[in-house]
Amino acid sequence: MVELDYLPIQYVRLMLQYTAYSKFNGGGWGYDGVTTRKPSDNNTWFFNVWFAY
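Sequential numbering of the sequence shown, starting at 3, is according to our numbering.
By construction, these hints were calculated from the structure, which means they are not laboratory data. Take these hints with a grain of salt, some might be off.
[Said to hold, decoys possible] Label pairs and their computed distance ranges (CB to CB): (1) Val14 - Ser42: 28 to 36 Å; (2) Ser24 - Asn50: 18 to 26 Å; (3) Leu16 - Thr38: 30 to 38 Å; (4) Thr21 - Ala54: 23 to 31 Å; (5) Tyr13 - Thr38: 41 to 49 Å; (6) Val14 - Arg39: 34 to 42 Å.
The beta carbon of each residue, even a glycine, is placed where N, CA and C say it ideally should be.
Build the full structure now, drawing on both the sequences and the hints.
Here's what the structure looks like:
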């Protein structure tokens, strides 16, 4: 997991987060037992804007 935060002004925060999986639910390739899903199919990006008022 990697996260970048940026504070352009005092009451605003911009955040970008990336989560990468090498294992998911305890398994690797085909972890669900039915398909050939890879753990990396669950990798996600998350962007957040935070305002304090």
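Here's how the hints hold up against the structure:
1. Val14 - Ser42: 28 to 36 Å: At 32 Å between Cβs, range holds.
2. Ser24 - Asn50: 18 to 26 Å: holds, 24 Å
3. Leu16 - Thr38: 30 to 38 Å: holds, 37 Å
4. Thr21 - Ala54: 23 to 31 Å: About 25 Å separates the Cβ atoms of Thr21 and Ala54, which means 23 to 31 Å holds.
5. Tyr13 - Thr38: 41 to 49 Å: Check passed, 47 Å falls within 41 to 49 Å.
6. Val14 - Arg39: 34 to 42 Å: holds, 38 Å
Violated hints for the displayed structure: none, as all numbered hints are satisfied.
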